[in-house]
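K.L.:
Given next are the chains, with one letter for each unit.
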Amino acid sequence: MKFPKTYTLKEISKLIDSKFIGDENFSIYGMNEIHVVENGDIVFVDHPKYYDKALTSAASVILINKKVACPEGKALLISDDPFRDFCKLATHFKPFRTADKSISELAKIGENTIIQPNVFIGNHVTIGENCTIHPNVVIYDGCSIGNNVIIHAGTILGADAFYYKNRPEGLDRLISCGSVSIEDHVEIGANCTIDRGVTGLTTIKEGTKIDNLVQIAHDTIIGKKCLIAAHVAIAGCSVLEDEVTIWGQVGISSGITIGRKATVNAQSGVGRDLEGGKAYFGSPCDEARKKYREMAAIKVLPEIIAKINNI
Amino acid sequence: MKFPKTYTLKEISKLIDSKFIGDENFSIYGMNEIHVVENGDIVFVDHPKYYDKALTSAASVILINKKVACPEGKALLISDDPFRDFCKLATHFKPFRTADKSISELAKIGENTIIQPNVFIGNHVTIGENCTIHPNVVIYDGCSIGNNVIIHAGTILGADAFYYKNRPEGLDRLISCGSVSIEDHVEIGANCTIDRGVTGLTTIKEGTKIDNLVQIAHDTIIGKKCLIAAHVAIAGCSVLEDEVTIWGQVGISSGITIGRKATVNAQSGVGRDLEGGKAYFGSPCDEARKKYREMAAIKVLPEIIAKINNI
Amino acid sequence: MKFPKTYTLKEISKLIDSKFIGDENFSIYGMNEIHVVENGDIVFVDHPKYYDKALTSAASVILINKKVACPEGKALLISDDPFRDFCKLATHFKPFRTADKSISELAKIGENTIIQPNVFIGNHVTIGENCTIHPNVVIYDGCSIGNNVIIHAGTILGADAFYYKNRPEGLDRLISCGSVSIEDHVEIGANCTIDRGVTGLTTIKEGTKIDNLVQIAHDTIIGKKCLIAAHVAIAGCSVLEDEVTIWGQVGISSGITIGRKATVNAQSGVGRDLEGGKAYFGSPCDEARKKYREMAAIKVLPEIIAKINNI
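In order, the protein sequence lines correspond to chains C, G and L. Here the first sequence is numbered in this note's numbering, starting from 922 and rising by one per residue. Here the second sequence is numbered in this note's numbering, starting from 922 and rising by one per residue. Here the third sequence is numbered in this note's numbering, starting from 922 and rising by one per residue.
If you're looking for bench data, these hints aren't it; they were derived computationally from the structure. A few of these clues could be false.
Same chains, same label: a pair holds when it works inside one copy or across any pair of copies.
[Claimed, not checked] Restricting the straight-line Cα-Cα distance to at most 20 Å, the calculated cross-link-like pairs of lysine to any residue (SDA-like) are:
1) Lys1029 x Arg1018
2) Lys1086 x Lys1220
3) Lys1211 x Leu1092
4) Lys1086 x Asn1231
5) Lys1022 x Phe1004
6) Lys1220 x Arg1210
7) Lys1146 x Leu1095
8) Lys987 x Asn1044
9) Lys1022 x Gly1180
10) Lys1146 x Glu993
11) Lys1146 x Glu1090
12) Lys940 x Lys1015
13) Lys974 x Asn1231
14) Lys995 x Lys1022
15) Lys1086 x Thr977
This structure is a prediction, so every number in the text was calculated from the model and none was measured.
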């Protein structure tokens, strides 16, 4: 997430009431999670295990809970609770605004786009031309939708990421300040849920088609011309490359990459990266031909065991 | 789908700007996909593999991308792109109309039927007597609902079939002109999705009860007095005969028939026709008693392998 | 479910037109299903198999289809159809009222609670302070929500239990007169469904966080600080103790107890009680370490079988 203007290190440190190490006029352009952080951004880290990763990332400013040596050309924000202060910044830069009507006056809707009844369109949403938004769709603040997009009834774009820090006093939500980007010619079925990114974008690329009741979590990127069947659940920060086909009720763990033109058969569970161009099956999944061989073996297993017990 | 009146071969050929073979006054009553086509209908075919099936089907008119010999008593429409022209006809006969209010004036709603707030009811929807339509339900144009039906909140009836032709330039949607038929005494849970047929009906027969978050795809027929538990996904063109019980999170592939009084246990995957009167389990499923024997065998497999490695 | 005032045995017998055994002034305070019945309540039983259980339960009044000996200090209501008469009482005491607006005037909504557009809030709903109810949420009559609760768009609270009696003439719905209780600091994702209890409460306890498209059935109790990922389906009358973690697409059967701090891995199926503090996997699930050993064994099974066939 980029800030609306450039801030100085001093200004940001004031917002979160923290100390800082570095030039007080050091320029800051935005804030992001570690996996999407860019030059000029703040990143946060609160566990020693990840200090090095954060300090050597593309981030220019590290919001950290220990006074460490400041890397050359960077700055530090020293906080007793970087998670809390990251959320404070997210809330400051993307405050939640109560809607006073179903379709915000701050939304931009392109020509020839049809908005059916009972649709909610939040502030700063942009929708392109020739789209059809069917009844009872909900588009939270800030989501962007391209041209020639169809979204069927009851689908929800831009709900918060399911991302919590486990504290002794309870589960503490990371405030989502990212968004959702739906590109041209995407079609989404009924009652789907596509969450916003924590700081970046959840992206559905051009020409992808999604069936009903599909869940796509925060920061996930779905490539071009993918086909995703009903009841699929894709966890956060995963990447589907172009022309991937995912059949019904498949589950995909977080942080997974599925290669171009891979096919995942129905009810499979994907717990590791998958090479493109192949078919997969099973929970956890493997190459389909391996899995089918295992299944054939299981079918004869009871008689094999009977044989062995007779030896 | 039947046309509102009888058309001649010449009139239809003009609508799609195609050539034809046969009597220009040949009567045409409707259009349908191959699996539901009837006498008097147009069917389309664009792959040589299916030419014979289409030409010998019940269809009276074949929309085809090759000049073939016209079967006795039939007619041909010759097109360079039958899929595109079938969609053109679907759009012509069932054009999408933007709604100007949540409940269409063209809908018919029976006596003693309760429509709760924020419900969308499209054009030409019919709902019988003594029904309860809970809040935020969406019923797309043309769906029909019998008497004594309960539909819980957030359920979507009549979204488009998930059916695409893979073209070099992208996935091309088959325009759905079918509908949904919900018979008497059916009860449907919350946030379900029941898609319309491509040209025919998706049908839920009398007395069937469906739990929450269930997906039923285009052209599927659910028999009488079936029980379908939460999170079930049933793909297109499948048939459940009467009194079938489907437990939670089961997935059923397209084109499957499940026999009368069959039971499919939770989380199973149905990839082939199932005989009635039996219980099934597993993904892919088999008769439950076989599957449970296999599972017992798997439990002892690690020690069996250890034994074998010791021989 | 407690009655709004105390009734006598005679008054209740009149409402359902039944005979009774016991003092006509015997006090009755409510009615409940067998698993949540309390002193002063009516319970119903219509199968000889369960007569003893009902007669020796905490219930003070047994609605039963046989003249049996009345236990000391209790009373009987004799009916030819206890299920029908229990439903009659449920309908009498909790009649369905058609809503005349999206937000009932009989609902109580706390300070600083945000209700976004297109939300339905039924009669006698109570919502605490500092809550955010996102667009198109539906909260049926009588549900109660604590403080600092977030409910994302499209989620449905309080739809009817999926609970039917199989009669020769069709599936007969047990009328739900229970409710839903969401405690403080609970967060629920988008397009979830949480059904009301049949006579008691479906409860989500303090600090629990639920992702999108989750189904929680009637009378289920989710403990404190649980994490439930997307597409999970939990059947009726189950209990999750505190701090349980359920990963995506897990299914849990009815009447199950899952112990404190247990973790159930993605796509597992839980068909029996699970001890706390452990990780589980598989469908049906077992302890994860056992299951992973079985899976490793299956991977080598084809070559083992080849070996054996060579002996």
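K.L.:
Determine for every hint whether it applies to the structure shown.
P.N.:
So, going through the hints one by one against the coordinates:
1. Lys1029 x Arg1018: within (17 Å within a copy, 22 Å between copies)
2. Lys1086 x Lys1220: Classified as neither; 44 Å inside a copy, 36 Å across copies.
3. Lys1211 x Leu1092: Close neither inside one copy (41 Å) nor across copies (30 Å); limit 20 Å.
4. Lys1086 x Asn1231: Neither: 55 Å inside a chain and 48 Å across chains, both beyond 20 Å.
5. Lys1022 x Phe1004: For Lys1022 and Phe1004, the Cα distance exceeds 20 Å both inside one copy (33 Å) and across copies (42 Å).
6. Lys1220 x Arg1210: Classified as both; 16 Å inside a copy, 12 Å across copies.
7. Lys1146 x Leu1095: So Lys1146 and Leu1095 pass the 20 Å test across copies only (16 Å; inside, 32 Å).
8. Lys987 x Asn1044: neither (38 Å within a copy, 52 Å between copies)
9. Lys1022 x Gly1180: For Lys1022 and Gly1180, neither the intra-copy (42 Å) nor the inter-copy (45 Å) Cα distance is at most 20 Å.
10. Lys1146 x Glu993: Answer is neither: 43 Å inside a copy and 42 Å across each miss the 20 Å cutoff.
11. Lys1146 x Glu1090: between (45 Å within a copy, 10 Å between copies)
12. Lys940 x Lys1015: neither (23 Å within a copy, 59 Å between copies)
13. Lys974 x Asn1231: neither (58 Å within a copy, 47 Å between copies)
14. Lys995 x Lys1022: Neither. Shortest intra-copy (44 Å) and inter-copy (56 Å) distances fail the 20 Å Cα cut-off.
15. Lys1086 x Thr977: neither (23 Å within a copy, 47 Å between copies)
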